[in-house]
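*Asks:* Next come the chains, spelled out residue by residue.
There are 2 protein chains.
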Amino acid sequence: METEPKKLRTLTRKPDRGGDRGLLDEVLDDALVGTVSTVVDGWPWSVPMLFARLGDDVIIHGSTGAGLLRHVAEGSAVTLTAYVLDGLVVADTMFDHSANYRAAVVRGVLEPVDDAAAALAALTDRIVPGRSSETPPITAKQVAATRTLRLPIVDGRWIAKARSGGAGIGTDDWTGIVPVSTVYGEPVAETGDTVPASVRRLVDEQ
Amino acid sequence: METEPKKLRTLTRKPDRGGDRGLLDEVLDDALVGTVSTVVDGWPWSVPMLFARLGDDVIIHGSTGAGLLRHVAEGSAVTLTAYVLDGLVVADTMFDHSANYRAAVVRGVLEPVDDAAAALAALTDRIVPGRSSETPPITAKQVAATRTLRLPIVDGRWIAKARSGGAGIGTDDWTGIVPVSTVYGEPVAETGDTVPASVRRLVDEQ
Numbered sequence: 001m002e003t004e005p006k007k008l009r010t011l012t013r014k015p016d017r018g019g020d021r022g023l024l025d026e027v028l029d030d031a032l033v034g035t036v037s038t039v040v041d042g043w044p045w046s047v048p049m050l051f052a053r054l055g056d057d058v059i060i061h062g063s064t065g066a067g068l069l070r071h072v073a074e075g076s077a078v079t080l081t082a083y084v085l086d087g088l089v090v091a092d093t094m095f096d097h098s099a100n101y102r103a104a105v106v107r108g109v110l111e112p113v114d115d116a117a118a119a120l121a122a123l124t125d126r127i128v129p130g131r132s133s134e135t136p137p138i139t140a141k142q143v144a145a146t147r148t149l150r151l152p153i154v155d156g157r158w159i160a161k162a163r164s165g166g167a168g169i170g171t172d173d174w175t176g177i178v179p180v181s182t183v184y185g186e187p188v189a190e191t192g193d194t195v196p197a198s199v200r201r202l203v204d205e206q
Numbered sequence: 001m002e003t004e005p006k007k008l009r010t011l012t013r014k015p016d017r018g019g020d021r022g023l024l025d026e027v028l029d030d031a032l033v034g035t036v037s038t039v040v041d042g043w044p045w046s047v048p049m050l051f052a053r054l055g056d057d058v059i060i061h062g063s064t065g066a067g068l069l070r071h072v073a074e075g076s077a078v079t080l081t082a083y084v085l086d087g088l089v090v091a092d093t094m095f096d097h098s099a100n101y102r103a104a105v106v107r108g109v110l111e112p113v114d115d116a117a118a119a120l121a122a123l124t125d126r127i128v129p130g131r132s133s134e135t136p137p138i139t140a141k142q143v144a145a146t147r148t149l150r151l152p153i154v155d156g157r158w159i160a161k162a163r164s165g166g167a168g169i170g171t172d173d174w175t176g177i178v179p180v181s182t183v184y185g186e187p188v189a190e191t192g193d194t195v196p197a198s199v200r201r202l203v204d205e206q
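Protein chains in written order, with the numbering used here: chain U, 1 to 206; chain R, 1 to 206.
Treat the hints as calculated values from the structure; they're not laboratory data.
Glycine residues also receive a C-beta, built at the ideal position from the N, C-alpha and C atoms.
Don't take each hint at face value.
[Claimed, not checked] Restraint ranges, calculated between C-beta atoms of paired labels, are given here:
id, chain 1, residue 1, chain 2, residue 2, range
1, R, G130, U, R201, 33 to 43 Å
2, U, D30, R, A118, 29 to 39 Å
3, R, V154, U, G22, 40 to 50 Å
4, U, G75, R, I169, 31 to 41 Å
5, U, D173, R, P179, 13 to 23 Å
6, U, R201, R, A118, 44 to 54 Å
7, R, V188, U, D125, 29 to 39 Å
8, U, R201, R, V188, 24 to 34 Å
9, R, G130, U, D20, 14 to 24 Å
10, U, D30, R, E186, 14 to 24 Å
11, R, G55, U, G192, 28 to 38 Å
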């Protein structure tokens, strides 16, 4: 597991779509859900989960009872893949249809975090910015029930890719883009009367 | 590769979230992008891509020059993971925050399709329903330049999972759900004047 195949480090297809660290961070900061993949007895194993980038780490978490996290915590190689679908590209032939997207792959081995409480607060604020300051500090018991791990972002072990623009075909037929976006709806109360300020901001300022 | 670990076939965590084939199909039919994962020299390798369910197959495609597809076409074990994020679950403690989602994992070995032209038309119509009948048939040359593969949906080799509802905590504080949805924006023309009927419907009837 010390060396990795060269083909994992390079874009063999459309290398012009490769991006820099800025693009990587943008994708990791825009996508709410990533897919964590590992290998079990030669089989790929993948689970979608919430994540957060915290500087040069990707933070993931789950219950200490969760199967995938228990496995990857033991030092297996993992990848985290995340994407944002920005648009559908409509062309005049089926072949030239495409999608505009931004995607990131981060590869490595998961490590324990130094400060799980801080990482979990950062993860909370990643999903609903400002929410951690509206809630009581996470307790030691809650931290102990949570497996909190970091995937370091290491040079040579990540890929960022993007496609934008139209189909690029000279034609009189209609070609173009259908923008795709993720939106938050009006909060639905389960208990209580006043929507927290963090939630209000998330919805109003999207 | 003939046998797979039992833990890949079972939900070790929250088995009540496991769903039936109806949920699997719903997720595969709602998610536009899936993450295809395989194993290369012991490392997980994952790439997000458009896909379509066609009966009991998941169809994926790409250029014959694409690295991942070239690898998995040779018979490696793969998983396709797809998710739909339906909402953010806001609780009164950080620990009880969650997400509402529907997720699918299909595991197996990719096989060639019998009729690539039909599969590619179905994939086109999955993304923009009705678009295949507005465009010329895909040519033999275009079919040859495309690697079109199917991942059979086989009993015991898929998992569908979902979470819905609120945080489920008795509290006077506000708890609730922020709905999340994916929306199409007004089409942006690159060439031509008249937005195709299929594209118009996709946007107007969402």
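*Asks:* Assuming the hint says 29 to 39 Å, is it satisfied by the Cβ distance from V188/R to D125/U or not?
*Replies:* Check passed, 33 Å falls within 29 to 39 Å.
*Asks:* Between the beta carbons of R201/U and V188/R, is the distance compatible with 24 to 34 Å?
*Replies:* For R201/U and V188/R the Cβ distance comes to about 29 Å; the hint holds.
*Asks:* Just tell me: holds or violated, for the beta carbon distance of G130/R and D20/U against 14 to 24 Å?
*Replies:* 39 Å, violated
*Asks:* Taking 14 to 24 Å as the stated bounds, is the beta-carbon spacing between D30/U and E186/R within them?
*Replies:* Cβ of D30/U to Cβ of E186/R: about 21 Å, so the range 14 to 24 Å holds.
*Asks:* Confirm or reject the claim that G75/U and I169/R have a C-beta distance inside 31 to 41 Å.
*Replies:* 35 Å, holds
*Asks:* Please check whether D173/U and P179/R have a Cβ separation lying inside 13 to 23 Å.
*Replies:* 37 Å, violated
*Asks:* Is it true that the C-beta distance of D30/U to A118/R lies inside 29 to 39 Å, as the hint says?
*Replies:* 35 Å, holds
*Asks:* In this structure, is the beta-carbon distance linking G55/R and G192/U contained in 28 to 38 Å?
*Replies:* 46 Å, violated
*Asks:* Mind checking the hinted window 33 to 43 Å against the Cβ distance between G130/R and R201/U?
*Replies:* At roughly 40 Å between Cβ atoms, R201/U and G130/R fall inside 33 to 43 Å, so the hint holds.
*Asks:* For V154/R and G22/U, compare the CB-CB distance with the range 40 to 50 Å and indicate the outcome.
*Replies:* 42 Å, holds
*Asks:* Can you let me know if the beta-carbon spacing of R201/U and A118/R is within 44 to 54 Å?
*Replies:* This hint holds: roughly 48 Å between Cβ atoms.
The earlier numbered hints that this structure contradicts are 5, 9, 11.
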